[in-house]
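A.B. asks: Each chain, written out:
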Amino acid sequence: MDSFTPIPALIGGALIGLASAVLWLGNGRIAGISGIFGHLLPPARTVLWRVVFLAALVLGALAAAWLIPGLGVGGPQGKPAELVSAPASWGVPTPLWLAIAGLLTGFGTRIGNGCTSGHGVCGIARLSLRSFVAVGIFFSVAIITVTVTGVVA
Amino acid sequence: MSAMTRLPYLVTAALSGLLFGVGLYVSQMVDPLKVLRFLDFGAIPRGGWDPSLAFVIVAAIGVMFVAVRIGRTRQKPAFDVAFSEPELKRIDTPLVLGAVLFGIGWGMSGICPGPAISLIAFWPPDLLIYLVALFAGSYAGTLIVPSGGRRRLAVTS
Numbered sequence: 001m002d003s004f005t006p007i008p009a010l011i012g013g014a015l016i017g018l019a020s021a022v023l024w025l026g027n028g029r030i031a032g033i034s035g036i037f038g039h040l041l042p043p044a045r046t047v048l049w050r051v052v053f054l055a056a057l058v059l060g061a062l063a064a065a066w067l068i069p070g071l072g073v074g075g076p077q078g079k080p081a082e083l084v085s086a087p088a089s090w091g092v093p094t095p096l097w098l099a100i101a102g103l104l105t106g107f108g109t110r111i112g113n114g115c116t117s118g119h120g121v122c123g124i125a126r127l128s129l130r131s132f133v134a135v136g137i138f139f140s141v142a143i144i145t146v147t148v149t150g151v152v153a
Numbered sequence: 001m002s003a004m005t006r007l008p009y010l011v012t013a014a015l016s017g018l019l020f021g022v023g024l025y026v027s028q029m030v031d032p033l034k035v036l037r038f039l040d041f042g043a044i045p046r047g048g049w050d051p052s053l054a055f056v057i058v059a060a061i062g063v064m065f066v067a068v069r070i071g072r073t074r075q076k077p078a079f080d081v082a083f084s085e086p087e088l089k090r091i092d093t094p095l096v097l098g099a100v101l102f103g104i105g106w107g108m109s110g111i112c113p114g115p116a117i118s119l120i121a122f123w124p125p126d127l128l129i130y131l132v133a134l135f136a137g138s139y140a141g142t143l144i145v146p147s148g149g150r151r152r153l154a155v156t157s
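Residue numbers (my numbering), protein chains in the order written: chain D, 1 to 153; chain Z, 1 to 157.
A couple of the hints might just be wrong.
Pairwise CB distance ranges, derived in the manner of DEER restraints [said to hold, decoys possible]:
1) Z/66 x D/4: 33 to 41 Å
2) D/153 x Z/8: 21 to 29 Å
3) Z/140 x D/3: 16 to 24 Å
4) Z/7 x D/147: 25 to 33 Å
5) Z/140 x D/51: 20 to 28 Å
6) D/40 x Z/48: 17 to 25 Å
7) Z/6 x D/153: 43 to 51 Å
8) Z/81 x D/51: 18 to 26 Å
No lab work stands behind these hints: they were computed from the structure. Fair warning: this is a prediction, and the values are worked out from it, not measured in the lab. Built from N, CA and C at the ideal position, the CB exists for glycine as well.
Isolated chain D, as found in the complex (with noise of 0.2 Å):
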């Protein structure tokens, strides 16, 4: 339990929540990541905003690294940003495992119309069944990957 960090936890999430209600009640939009850079590909018709507010994410999360170093991942104090290696019980190169992880996620929330942020914030804020569906789901196979791969060393 060393790990476990309520406070930046609530506030996070809180933040999250506001950047959700500022799309919402300024542009009516679904502030849902998969959904903004799904739909930069072809078919696309809107993508400026959609440009915009992937930049935006990018800088907020370098500003705030910048302002509050040393919190988590990233910025000059904090600790250093890395993604996760492949479990070496798998035989597998780590980039081929990150590889297959990015294919099955831009296409299951593709298919599956959200992510974390879609479905997950925004869907169940808005009671929508499709989402309470698809929470329960992406987290439960979530946390049964997570246990069948022994991806956490």
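Once you have looked at the hints, place chain Z on chain D.
C.D. replies: Frame of chain D; chain Z shown alone:
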């Protein structure tokens, strides 16, 4: 359409993106290992489980829940002619299959799309290959199960 290229609309998108990025950093959800330590329920009996992610998502849902209720008292958002409500209502095969596949990808890596994009700020090794795969998978999804653009509007609830 033109509303989406006006300055207030784009400033709102930028403000939302900024807040989202700050929130992902402050909550430490940009750290894939921290996300995995929540998903690792096998660690509960060992005492090494990290429940932080649940606090993040509950706080985010709480704020958005209020915003959705405020939105229902209004005819339209501030800077567009209508709320873009998701058209799909039914529980269908793409939803279920998509959630299963995403769950596997998320459990393998500890990365979901928001953190994937915000990690560009820190550019860890192998992020590029993950992002290329993410976009390729997303595009394959669009081709195989069309749900975006004009065709989505043809789907009735």
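A.B. asks: If a hint holds in the structure, say so; if it does not, say that too.
C.D. replies: Hints, verified against the model:
{"no.": "1", "hint": "Z/66 x D/4: 33 to 41 Å", "in the structure": "violated (26 Å)"}
{"no.": "2", "hint": "D/153 x Z/8: 21 to 29 Å", "in the structure": "violated (48 Å)"}
{"no.": "3", "hint": "Z/140 x D/3: 16 to 24 Å", "in the structure": "violated (36 Å)"}
{"no.": "4", "hint": "Z/7 x D/147: 25 to 33 Å", "in the structure": "violated (49 Å)"}
{"no.": "5", "hint": "Z/140 x D/51: 20 to 28 Å", "in the structure": "holds (22 Å)"}
{"no.": "6", "hint": "D/40 x Z/48: 17 to 25 Å", "in the structure": "violated (39 Å)"}
{"no.": "7", "hint": "Z/6 x D/153: 43 to 51 Å", "in the structure": "holds (49 Å)"}
{"no.": "8", "hint": "Z/81 x D/51: 18 to 26 Å", "in the structure": "holds (22 Å)"}
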